[in-house]
Amino acid sequence: MTEEEKTKTESNGLAKPLIIIAALFISYIGYRAYQGHVLLPITVIPLILGIAYENWRISSNWKQLARQISISLAVSLLSFLSGVTEHSYNFEDKIREWPYVFSIIFVFLSLYDNEDSIKQELTEGITLLQSLAVIYWISDIGTSQLIWSYQFFAVFVGIVFCIFSFLHAFTYLELTKLSRLFLSIWSAIIMIIFAADNAYQTYHFSSHENYQIFEEALNFLQYFILGTTLIYTAQNIMLLLPYLPGKGFFSRDNFDNIKESNKKFTERYSPQQIKISDSIIAVIFTAGVYYCNYHFKLVPRNTMIWLVFLTFPTIIWLKNKRLTS
Numbered sequence: 006m007t008e009e010e011k012t013k014t015e016s017n018g019l020a021k022p023l024i025i026i027a028a029l030f031i032s033y034i035g036y037r038a039y040q041g042h043v044l045l046p047i048t049v050i051p052l053i054l055g056i057a058y059e060n061w062r063i064s065s066n067w068k069q070l071a072r073q074i075s076i077s078l079a080v081s082l083l084s085f086l087s088g089v090t091e092h093s094y095n096f097e098d099k100i101r102e103w104p105y106v107f108s109i110i111f112v113f114l115s116l117y118d119n120e121d122s123i124k125q126e127l128t129e130g131i132t133l134l135q136s137l138a139v140i141y142w143i144s145d146i147g148t149s150q151l152i153w154s155y156q157f158f159a160v161f162v163g164i165v166f167c168i169f170s171f172l173h174a175f176t177y178l179e180l181t182k183l184s185r186l187f188l189s190i191w192s193a194i195i196m197i198i199f200a201a202d203n204a205y206q207t208y209h210f211s212s213h214e215n216y217q218i219f220e221e222a223l224n225f226l227q228y229f230i231l232g233t234t235l236i237y238t239a240q241n242i243m244l245l246l247p248y249l250p251g252k253g254f255f256s257r258d259n260f261d262n263i264k265e266s267n268k269k270f271t272e273r274y275s276p277q278q279i280k281i282s283d284s285i286i287a288v289i290f291t292a293g294v295y296y297c298n299y300h301f302k303l304v305p306r307n308t309m310i311w312l313v314f315l316t317f318p319t320i321i322w323l324k325n326k327r328l329t330s
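Quick note on this note's numbering: the sequence shown kicks off at 6 and runs consecutively.
Don't read these hints as lab results, they were simulated from the structure. Cβ coordinates follow ideal geometry from the N, Cα and C atoms, glycine included. Possibly wrong hints are sitting among the right ones.
Ranges between beta-carbon positions, derived for each pair [claimed, not checked]:
1) 209 <-> 98: 18 to 24 angstroms
2) 219 <-> 183: 55 to 61 angstroms
3) 249 <-> 209: 26 to 32 angstroms
4) 84 <-> 169: 28 to 34 angstroms
5) 280 <-> 98: 26 to 32 angstroms
6) 319 <-> 84: 47 to 53 angstroms
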């Protein structure tokens with residue numbers, strides 16, 4: 006037996022009792038949930054399915070996916086330990102929190118395993134779509150809800166970047182490295198804000214009795230979409246962390262991290278320019294969809310924004326395919 010085979014055998018021998026212990030503890034959790042009439046939120050199912058689907062779409066590796074789920078399950082069980090700051094321990098509350106702890110671990114493990122495979126390829130068209138979504142998002146929220154000066158400043162900065170993305174989408178200005186860096190960072194910030202808004206709106210979604218079946222299906226879709234976006238949101242957060250001011254901001258290591266983030270942000274933004282006709286189609290399509298949703302309240306704004314992000318690239322693909330055939 007080689008050294009590698011020996012190590013593998015020892016690892017398998019250690020893993021089996023841990024798996025058995027974890028399985029027994031999960032069974033105990035199920036028993037306590039049943040005894041205490043603790044209902045696990047059904048919405049975590051589409052959330053986890055969304056994470057798993059996007060994970061598989063990136064890697065196409067079932068074994069890796071199964072390993073990630075197993076590790077996430079095992080590590081998430083540590084959330085049942087009593088914290089130092091906890092005054093009273095409630096096992097039922099831990100049961101309710103457990104699926105979300107599992108989801109967070111699953112997301113970051115997926116990001117760690119697929120770091121080199123996760124490629125958010127950005128174009129002028131994508132940042133145009135995102136900027137149009139920002140305008141719709143601000144319009145739907147309403148400026149009356151912006152009560153702090155920093156909120157108005159954030160909106161002003163957002164509009165400036167929107168104009169910058171429009172300028173590139175409707176002209177053939179050269180996409181310099183600096184332009185690509187700014188647009189890529191702008192895209193990351195937008196997607197984090199939209200992901201946070203999507204998580205908040207989805208969590209606080211309430212269905213009406215008259216439309217319960219439709220709205221339950223809509224809620225399922227919202228959580229699934231949220232799950233598919235979490236890996237990219239986590240990646241965007243990790244890329245933006247070096248830019249945040251902190252204790253070691255001016256250290257050499259952090260400057261190296263900023264340099265690395267700059268490189269990644271620039272490389273993921275395509276220097277290839279899109280057709281102005283595609284930009285016009287994007288404005289007509291999104292303006293029409295957002296206008297209808299704004300007036301008729303067909304679905305929540307967060308859901309409509311993500312549905313546009315998911316469907317519009319297909320429209321452009323079909324248009325280009327028709328032209329080439």
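A quick look at each hint next to the structure:
1. 209 <-> 98: 18 to 24 angstroms: Holds, at about 20 angstroms.
2. 219 <-> 183: 55 to 61 angstroms: 47 angstroms, violated
3. 249 <-> 209: 26 to 32 angstroms: Given about 27 angstroms between the Cβ atoms, the range holds.
4. 84 <-> 169: 28 to 34 angstroms: Violated, at about 43 angstroms.
5. 280 <-> 98: 26 to 32 angstroms: 54 angstroms, violated
6. 319 <-> 84: 47 to 53 angstroms: Because 39 angstroms falls outside the window, the suggested range is violated.
The structure is inconsistent with the numbered hints 2, 4, 5, 6, although it conforms to all the rest.
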